[in-house]
Amino acid sequence: MPRALWTHLVKDLRIELRSLDVFVSMLFFSLLVVVLFSIAFDPHGDFSREIAGGVLCVATMFASVSALNQAWAREIRHQVIDAQRMAPTPGAELFLAKVIANFLFVTVVQVILAPIFLIFYNLHIEGQAWLLALVLPLGTWALVGNGIFFAALSIRSRNRELLLSLILFPIFIPALLAMVRATTAILTGDSDPTLWIKLLLGYDIIFTTASLLLFDVVFHAE
Amino acid sequence: MKKLAIGLYVAVTVALLGWAFYQAIYAAPDEQTMHEVQRIFYYHVPSAMVAFLFFAISLAGCIGFLAFRRNRPDWAQVSDAWALAGAEVGVVFCTVVLITGPLWGRRAWGIWWTWDARLTTTLVLWLIYVSYLLLRRFAAGPQVQTLAAVLGIFGALDVPIVYMSNRWWRTQHPAPVFGGGPDSGIKDPAMLAAFGWNVLAWLAWGLLILALRYHVERQHQKYAAQEALDALEET
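Chains as they are written, first to last, in my numbering: chain Z, 1 to 222; chain Y, 1 to 235.
Chain Y on its own, in the form it takes in the complex:
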């Protein structure tokens, strides 16, 4: 039953991805000023939304771990697995955002990169979560979960400050006016539909990967616990 449900979910996700691809590339109308290159929007923005959602899941996992680590060790392990899975899959989606962004910017703005508030925040967020993953790799032993949880909280504290600082920076030195950008909402219903389908498809895909990563981490924790138990029994 469980396997059937998982298989069904995978099939629906793949179908959604195909449908969303059709919507983005063929069904959505041509944009007036940017033309074909605007279609990257249907990948760029949904990836960013999923990345931010997963970083939020990671933060919740970090807080959960610190809250439960003394009195509910099993809940703490679950939280830690979510924190790690969220950070890892979030970094992947954030990488997609950081790759599609400059590709789009080069065509739409004429520049690859600008130190604008949103761009800088996304880049710093990416850097922070990569450093989080590096810490998990370098720090060995049982304390790594605690240390990583603390770093996760510090990183989350940093994000609003980065955003504010860059907004002030840009208000002091006004940047050239960017052409395009989907500000003030999407007017065309066909575009909105394509965008909605892509958000849904990438969210479904992201959740699938997240769940797989979470499952792998839980298995890993169980084996580690079993190994520790075996070592105790042998002595």
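This is chain Z alone, in the form it adopts within the complex:
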């Protein structure tokens, strides 16, 4: 593994382990979304299986925005971001380190949230449950990859926290659709989620490549 990537990754993980700011706020927020939706829809039986996939994905999406906003904002203090700009390493490594770190945060939140989710929605998985271990990471990668990229893009604007959601969500729509469809297909067991998993994989490949290629342009924009 390239050294710069490793250094950035370890730094981000260490900060998060010491403060747990992002993790706690994300976990609590997604818990709130799950509870609010279950109160609003009163899920039971088949109906809960129908909507559970969508609720889980949307909860993850809203929760990760708080992490994504923090990702670059915490580098602004003490001009860390300027130092990172001047560092003689490729920006792609910094980008990838941030994506991996935030991907890990969101994944841990999902793992903790899953049992709570199963209890609140009285879920009984009809399809192949192990496929969820493929769908959720792929969807999360799509969200976090684009999110970190657009967070870097909006960092120097007014109302940057609002702007991130405004530019991230439209681009994320196809991945969200694929994630929700695949999750619902697995939960209900009615249809085959393979096509949606392929779509997610394609989305990840296309946008991760584009982000890696264009990250330096955005990061060094002057």
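Hint data in this document are derived by calculation from the structure and do not stem from the laboratory. Source: prediction; values computed, not measured. Idealized CB from N, CA, C, for every residue including glycine. Certain hints may be false.
Cut-off 20 Å, straight-line C-alpha distance, at most; resulting in silico cross-link-like pairs (SDA-like, lysine to any residue) [to be verified]: (1) Z:K198 x Y:L157; (2) Z:K198 x Y:R167; (3) Z:K198 x Y:Y163; (4) Y:K2 x Y:T13; (5) Z:K198 x Y:P160; (6) Z:K198 x Y:W168; (7) Z:K11 x Z:I76; (8) Y:K222 x Y:V78; (9) Y:K3 x Y:A15; (10) Y:K3 x Y:H215; (11) Y:K222 x Y:A211; (12) Z:K198 x Y:M164; (13) Z:K198 x Y:V159.
Reference listing, derived: stretches of chain Z covered by chain Y, where coverage requires no fewer than 3 residues with Cβ under 8 Å from a Cβ of chain Y [stated by the list, open to error]: (14) 57 to 71; (15) 173 to 181; (16) 215 to 221.
Position chain Y relative to chain Z; hints supplied.
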């Protein structure tokens, strides 16, 4: 001379719009199943074509800006003005499509909206370009052009994926059969003529607005550059 040419173009465009209106409302024959409401087709489809063309111009502008920004700053500024003008006027035409579409759909299909591939793609395209315009509004300073160009490219990458994903979605869960829709070409020559005139008229009108918007943006860039130069000389 230049003013005369512009005035002539404006006059021709207005005449074309009037002629196209006559063609669409009076000359084109009545459609068999949908009757009068089908005439909205002469506005809906040309607007969609113009919107897609302008989004393509915007994408070309974005790519041009990123390509020229290091070695040819003046070309980069021109590209950026095209990118902004294309996105802005494209959003206007796309809004027309999204308004006329449900009006027509309510009569022809009995529903305002359906999550069909083309409808969803158009809506997402509209959302992406509105977010592009918002970015240009919120992000200040000289880096906004670079950031906007990158977002424009990302948005364009997204469109084919949206289209494919919705086509698969619909093939998995077949939608009810839609009545009408001008599939498999227009058979009636009078209808085809009305359609052709409307495409031409709206394209001419769109290009006029696009050129005006481009001109305004270029003036804006020049004033900004002049202001920066003045500020430098004063200090």
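Structure-based check of all given hints:
Only pairs whose Cα atoms come within 20 Å are accepted, and K198 of chain Z paired with L157 of chain Y is accepted, the gap being roughly 17 Å. For the hint pairing K198 of chain Z with R167 of chain Y, the CA-to-CA distance comes to about 14 Å; that is within 20 Å, so the pair holds. Taken as a hint, the K198 of chain Z and Y163 of chain Y pair is honoured in the structure, with Cα atoms around 15 Å apart against an allowance of 20 Å. With a C-alpha separation of about 17 Å, the suggested pair K2 of chain Y and T13 of chain Y falls inside the 20 Å cut-off, and the hint holds.
With a C-alpha separation of about 15 Å, the suggested pairing of K198 of chain Z with P160 of chain Y holds against the 20 Å cut-off. Distance restraint check for K198 of chain Z and W168 of chain Y: the Cα-Cα separation of roughly 12 Å lies within the 20 Å cut-off, and the hinted pair is therefore satisfied. This hinted pair checks out: K11 of chain Z and I76 of chain Z have alpha carbons roughly 15 Å apart, not beyond 20 Å. Proposed proximity of K222 of chain Y and V78 of chain Y is supported: the alpha carbons are some 11 Å apart, at most 20 Å.
The straight-line distance between the Cα atoms of K3 of chain Y and A15 of chain Y is roughly 18 Å, inside the 20 Å bound, and the hint therefore holds. For the proposed pair K3 of chain Y and H215 of chain Y, the alpha carbon gap of about 14 Å is at most 20 Å, so the pair holds. For a cut-off of 20 Å, the pair hint linking K222 of chain Y to A211 of chain Y stands: about 16 Å separates their Cα positions. Taken as a hint, the K198 of chain Z and M164 of chain Y pair is honoured in the structure, with Cα atoms around 12 Å apart against an allowance of 20 Å.
The suggested pairing of K198 of chain Z with V159 of chain Y holds, with an alpha-carbon distance near 17 Å, which does not exceed 20 Å. For the segment 57 to 71 of chain Z, the stated coverage by chain Y is not satisfied: 0 residues place a CB nearer than 8 Å to a CB of that chain, which falls below the threshold of 3. Coverage of the segment 173 to 181 of chain Z by chain Y holds [criterion: at least 3 residues with CB-CB distance below 8 Å; count 5]. For the segment 215 to 221 of chain Z, the stated coverage by chain Y holds: 3 residues have a C-beta nearer than 8 Å to a C-beta of that chain, and at least 3 were required.
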